[in-house]
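K.L.:
With the hints as your guide, set chain B onto chain A.
Number of protein chains: 2
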Amino acid sequence: MKKITLDQVAALLKEHDRFKILTHTYPDGDCLGCGYALAFALRKLGKQANVAVDGAVPAKLQYLTEHYEEQDFVPSYIVSVDVAAPTLLGESVMAGVDHIDLCIDHHRTNSIEADNSYVDPEAAAAAEIIYQLMLLLDVELDEDIAAGIYTGISTDTGCFCYSNTTERTHQFAAAVMPYCDWRMINYVNFVVKTRGKLKLERMVYDNMRFCADGACALIYTMTKTCERLGIGDDEMEGLASIPRQIEGVKMGITMREKAGGVFKISVRTNDGIDAAAFCKQFGGGGHPAAVGCSVEGDLETVMELMTKSAEEFLA
Amino acid sequence: MKKITLDQVAALLKEHDRFKILTHTYPDGDCLGCGYALAFALRKLGKQANVAVDGAVPAKLQYLTEHYEEQDFVPSYIVSVDVAAPTLLGESVMAGVDHIDLCIDHHRTNSIEADNSYVDPEAAAAAEIIYQLMLLLDVELDEDIAAGIYTGISTDTGCFCYSNTTERTHQFAAAVMPYCDWRMINYVNFVVKTRGKLKLERMVYDNMRFCADGACALIYTMTKTCERLGIGDDEMEGLASIPRQIEGVKMGITMREKAGGVFKISVRTNDGIDAAAFCKQFGGGGHPAAVGCSVEGDLETVMELMTKSAEEFLA
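Residue numbers (the working numbering), protein chains in the order written: chain A, 3 to 317; chain B, 3 to 317.
Excised from the complex, chain A in its bound form (with noise of 0.2 angstroms):
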């Protein structure tokens, strides 16, 4: 693996011709936003470009895909976008593929074998370079571009709030805004809650509990109360950074029922605490502040273990 330029990126993009875009499993505004953007920005330059896509882009972001149509041809340049780890690469995506000839990444920790690397970790989007690659190949922005662009940035800063936003972030921002409805990706994307999602919210909001002196927030979702109330697995989205965002909360824990008698639970946490930690008491594990692990009992069961052992941890 070899760490290029931008400029070099910009270089090998232009040499070739036929291009495969990887994104990765469980697609989300920054990796579609970047593949579709990167893949019209390539057939504007007269070249062949495909996104490859695990599963389906989800309802809220088919806007992306409004203009695009796949293009029958064999891809001779394989590129990643935002895939940090080859565990990230779905099946389908890597239908075909026997190697990655250039990665494109933000993640600090990205350990994708390709035979060029590009990895910038002060993008707060890997859209971020997608634009700065616009400037660098003479692209001119268009609607799809700029929308893939500005959706990438968008949905990673969770709207320029989270603390990866740069000023870097707000001036690209700035520069795609002319050329997309950004009203619009702004209303699906942070503004509008389903009737289903809004249920979900009055009832972990009915079933919130606290416990060691309010530093642990704890939420559940029932699967049948689930499905009397028509919330599918889409509005489950976002839902275990719930419990976290309440006041003085330094560890939130969601427990979704799952079959089998099974709980999943998410673990948030805030101040440096280590979630890894308490999940790895129950074999599970992930990043230092969001973590995960499955526990099996009933609702009660499961809640007075957590409860307890909340406790216990944050003493």
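Calculated directly from the structure, the hints in this document are not laboratory data. Hints may be right or wrong, so weigh each one.
[Claimed, not checked] Pairs of lysine-lysine residues, derived as DSSO-like cross-links and limited to a Cα-Cα distance of at most 27 angstroms, are as follows:
{"id": "1", "chain 1": "A", "residue 1": "62", "chain 2": "B", "residue 2": "62"}
{"id": "2", "chain 1": "B", "residue 1": "195", "chain 2": "A", "residue 2": "201"}
{"id": "3", "chain 1": "B", "residue 1": "4", "chain 2": "B", "residue 2": "16"}
{"id": "4", "chain 1": "B", "residue 1": "62", "chain 2": "A", "residue 2": "252"}
{"id": "5", "chain 1": "B", "residue 1": "16", "chain 2": "B", "residue 2": "5"}
{"id": "6", "chain 1": "A", "residue 1": "226", "chain 2": "A", "residue 2": "195"}
{"id": "7", "chain 1": "A", "residue 1": "310", "chain 2": "B", "residue 2": "252"}
{"id": "8", "chain 1": "B", "residue 1": "310", "chain 2": "A", "residue 2": "195"}
[Stated by the list, open to error] In silico negatives: residues of chain B with every beta carbon more than 10 angstroms from chain A:
{"id": "9", "residue": "165"}
{"id": "10", "residue": "200"}
{"id": "11", "residue": "235"}
{"id": "12", "residue": "285"}
{"id": "13", "residue": "294"}
Beta carbons: idealized from backbone N, C-alpha and C, even for Gly.
P.N.:
Just chain B now, with coordinates in the frame of chain A:
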């Protein structure tokens, strides 16, 4: 009243020496951010300047006043910032004030009677005007000034999410970010939720009603319930944006019970629906997509009036 240019505003600020800066009732991030940023800037220029606030600065915005101390002097020049109408000037703010010398605002409907007036409806926040004044006044940004400007810009745009955001909004944010703790500002304004706010959201999620085939959502708060649950006025901020967020909702109506058998109504709309035209029926006003009015009556009467009016209006 004379409409003047921003250069003339800067000239007037340079010319005078003892300022009283007026902010609006229910002070928010923009009027307070503007008020304190302008006061700190004028003090930097060797002048005296105080900010007049109706009641207390909300707890979460108290970082704006960390380095602020009231100065003891008799003001000779009165400036209102971000105040759209005379009715929004509280009694305590107007103590000793018989006329307003200069009005700086961004509300298209501004109706303040001032000797000189600068209203820029293209500014997403009045703080955008204050930022431009810093350049014209040659005031070097510092933490206090930048925090005020960033707070005004970010809170009036819902962290760069609302449709009033412009390229300039992002550019100005990028310009002030290096000088202030914008991560803390985002955290307190957009992430953390007090226990009182949690209770408030539970309550309005539980009492939310829909009409006009789901195109209108209504919520309400009652004084006694809020008192019983320990929900403060500070926590009401952002409440009015909740009903509009629900999928399919074009008009969100928030009814807050006030003293004297009156409900303060806030209306927020999507899809270009004219909230001002709706509120005009009840003697209210404001921005096209965000307006308010007051209606007398008990809960059921006002709820029925609003429901019926919304159904007729949206038909």
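K.L.:
Looking back at the numbered hints, which does the structure fail to meet, lowest number first?
P.N.:
1, 7, 9, 10
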